[in-house]
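Below, each chain spelled out in residue letters.
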Amino acid sequence: MTTSVSATFKIWRGDASGGAFVEYQTQLSEGMVVLDAVHQIQAESAPDLACRWNCKAGKCGSCSAEVNGVPRLMCMTRMNDLPVDQPVTIQPLHTFPMIRDLVTDVSWNYRQKLRVKKFSPRAPDRPDGTYTMYQRDIERVQEFRKCIECFLCQDVCHVLRDHEKHDEFIGPRLLIYTASLEMHPLDGEDRLQALKDEHGIGYCNITKCCTKVCPEEIRITDNGIIPLKERVVDEFYDPLKIVLRALGVKKQKTAK
Amino acid sequence: MAGVGTWDTHDYDVLVIGAGGAGLRAAIEAARAGVKVGLICKSLLGKAHTVMAEGGVAAAMANVDDRDSWKVHFADTMRGGQYVNNHRMAELHAQEAPARVRELESWGALFDRTREGTILQRNFGGHRYPRLAHVGDRTGLEMIRTLQDHGIHQGIAVHMEFTVVSLLKDAGRVVGVVAYDRERGRFHVFRAGATVLATGGIGKAYKITSNSWEYTGDGQALAYDAGADLLDMEFVQFHPTGMVWPPSVAGILVTEGVRGEGGVLRNSEGRRFMFDEIPENYRSSTADNEEEGWRYVTGDKEARRPPELLTRDHVARMIRREVRAGRGSPHGGVFLDISWIKSKVAGGAEHIKKKLPSMYHQFKKLADIDITAEAMEVGPTTHYMMGGVKVHAETQMSTVPGLYAAGEVAAGLHGANRLGGNSLSDLLVFGKRAGENAASFAREHAAASVADSEIQSVIGRALQAFDRPSGENPFMVQRALQEMMQENVGIVRIESEVEHALGELELLRARAANVSVDGHREYNPGWHCAIDLDNMLTVSEAVARCALARRESRGGHFRDDHPGKDAALGKVNHVVRKGPDGRMQLEAVPVLPLPADLAQIVEENK
Ligand SMILES: Cc1cc2nc3c(=O)[nH]c(=O)nc-3n(C[C@H](O)[C@H](O)[C@H](O)COP(=O)(O)OP(=O)(O)OC[C@H]3O[C@@H](n4cnc5c(N)ncnc54)[C@H](O)[C@@H]3O)c2cc1C
Ligand code: SF4
Ligand code: SF4
Ligand code: FES
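As they're listed, the protein sequences go chains A and B.
Counting from 1, position 4 in the first sequence corresponds to residue 4 in my numbering; the numbering is continuous, with no gaps.
Counting from 1, position 422 in the second sequence corresponds to residue 678 in my numbering; the numbering is continuous, with no gaps.
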């Protein structure tokens, strides 16, 4: 790519009361990502263009937006991976309330996290407060803990995006958060009842759209949601367990 | 724009500014002490700089090498800081870091493991033994998420996307702050018995930096304006390995973990130039041949470390020297190669991806480079601020009562140069101490009120840029400042250039006083930048003044006109404060002398 190439961007400008796409032209340079173009437009012609960012390296999950209709991190989307013979559209996440331009109100996600029962570890294994855990026991949970809370999966999940079940379904990010606690080798809490009754795991019909957009390549559905669903089924739909529960026999936590 | 309007008022016992590792740890501790805690941050929760830390957190747990102990960690920190550190902070840090790391594990953190099932520790520059607890190369994410997920259940009130613009004082102590919320642009007054600054660094004063937009020196400038002393402001760390290509990612960090895992530096002739010069005080502990260096990386306790793992200041200058001498890489850096270890390790490419997943990802995505097959191009990048708010070692209180500081915004622990991994542990150790002490201060000092007229004048100042119809674009002034600092007060300094910088800063200040912003107050980056400019100018001036006064080279501060150390200057720290006439004053104060027991530890570990 030579420095003389320029591109047209259609960026959504507006606030909760409404808005429209505005066209901007800017020069492209080698290695540029979408976030660079947004910054350049800000510096050249639109200093009040609102967008979030921090790390510029895909580590913080701040710069989420929909680029040409696809939920992505702007800082990890290279311009030379996009067709620039036509305008590049950039718009805010759809699933959350608008604040301004590319910035949406994602506070709902933070409120959902508070609803998930917190980590509750067993007593330390050694007097110095440490635990024995082997790498193989923590690998799965380490995968979930790679999450950078970009909320792209929340944005794309149809249960939230199209059906707006925000009151009944915590969404894929919070499901893998729950999975990271449920499968944590030290945790002793039980979140299955809540998953079923309050957090709406049943709404997920395994379309895997969340997994497709995850920039951390977390296998949200296969490794997180499906195993959780199986635990819920085991717990609540296993005939033997139903009988035991009816008899008031205290349940045992499934092996972790 | 209309008048300054009204504001909301919030009351807390302890108010923490900043939600990185230091701020979160402070808030958790203050909440544990049973007081009412408020937490303010510029970004969303969990996005602070700490999330970007890669390599690890240093703590002498001795899980991998049982010869390690707090004493060795202490001696390493002092040596790295070239003995101008606050020794008491270095001692507390080395002693308390292991407990702070273990505590994270009991809050849910999952560090990589040893075969025995304990926390794995890796090698890092300047640390004698493998000491950094880590999770691949995303340690900061693990740390901030653990603190965040634990913190939200402790009854802390979080105000995300708020920027503090001024501290409020009453009868000589800090009693709160004025802030605006970025989303709506409204002003808020927070009243508190004690205030903790945990705002991080100043990297955005430079053009090439690993730091984000948040690092505009706010905490240092807020403290300075409130009359607090700033310490060691000449000591800026330039990390040796930032990305240099493509231009849009220049400065983004390449973790030292790459070298810890066996990555080597080569110039355009293929030579491992780090062997060319090894500083005197590290000679006995550094390998003098490639084979021994590799044995060290693989855990051979008899082997000495490869010279790539010397301290950052030295490695950064060596790289600069190669580039200046015309032996650099095509885009003005040098080569960092981890792919060569494939010949040494079975399943090499997979091993590299497993150990350095985010580096693999970062280069693949941003530079089209597969680090398991090719060398990276790297060069120095502005990374960390050793200097900052002068604090009491044990309580973290600044020189202004009621104002505390912890983490990167505070100074003292690292002296002239910070060792990698010593920041994350700093955040935990001193964040906890700050929270604990702020809570007890707040118990004894009720919040006070501040006259409305004072609050109005703060708000009026913050809104000025809207009133100027045709001033300069604030982003242009910011860019000019960054280029000027990079050019004149960067990795290699010289008297004439630093003096020139001080003159330029005057001119930039005049330009900053004349910027204008358009539009509305809601999430307006131009306005945010206009407000940040004053802070960046204050810290830049402090860096320049201290750099001018230190007529020697030490740690992160290198003077081309005084390349050697000066024994007399090695016994002083520089303090700057706002003088009665509003101008910056500089004072040289004696370094705290080492007590005999600590001096002996230093001697034994030479
Ligand atoms: C890429 C990278 C990699 C690193 N790797 C390592 C490593 O491996 N090991 C290590 O030990 N160190 C590492 N460091 C250094 C370390 O990450 C930082 O020094 C450390 O995280 C700083 O933490 P902190 O809590 O002091 O501040 P931060 O985490 O930066 O938090 C600052 C907080 O203050 C808030 N804030 C700032 N100004 C204001 C204001 N005016 N009003 C309100 N809020 C404000 C911000 O919003 C933010 O929440 C690395 C740094 C970088 C950039
Ligand atoms: S798999 Fe489930 S959670 Fe993921 S997008 Fe589809 S419905 Fe939503
Ligand atoms: S799971 Fe993936 S997509 Fe969802 S928030 Fe986390 S990182 Fe983003
Ligand atoms: S800016 Fe951090 S993920 Fe894009």
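Simulated from the structure, these hints should not be mistaken for lab results.
Heads up, a few of these hints could be off.
[Said to hold, decoys possible] DSS-like mimics (lysine-lysine), calculated; alpha carbons at most 27 Å apart, straight line:
hint	chain 1	residue 1	chain 2	residue 2
1	A	212	B	292
2	A	117	B	292
3	A	212	B	620
4	A	208	B	292
5	A	208	B	621
Note that the structure is predicted; figures quoted are calculated from it, not measured.
So, going through the hints one by one against the coordinates:
Distance restraint check for residue 212 of chain A and residue 292 of chain B: the Cα-Cα separation of roughly 42 Å exceeds the 27 Å cut-off, and the hinted pair is therefore not satisfied. For the proposed pair residue 117 of chain A and residue 292 of chain B, the alpha carbon gap of about 23 Å is at most 27 Å, so the pair holds. With a C-alpha separation of about 19 Å, the suggested pair residue 212 of chain A and residue 620 of chain B falls inside the 27 Å cut-off, and the hint holds. For the given pair, residue 208 of chain A sits about 43 Å from residue 292 of chain B by alpha-carbon distance, which is inconsistent with the 27 Å threshold.
At roughly 23 Å between alpha-carbon atoms, residue 208 of chain A and residue 621 of chain B fall within 27 Å of each other, so this suggested pair holds.
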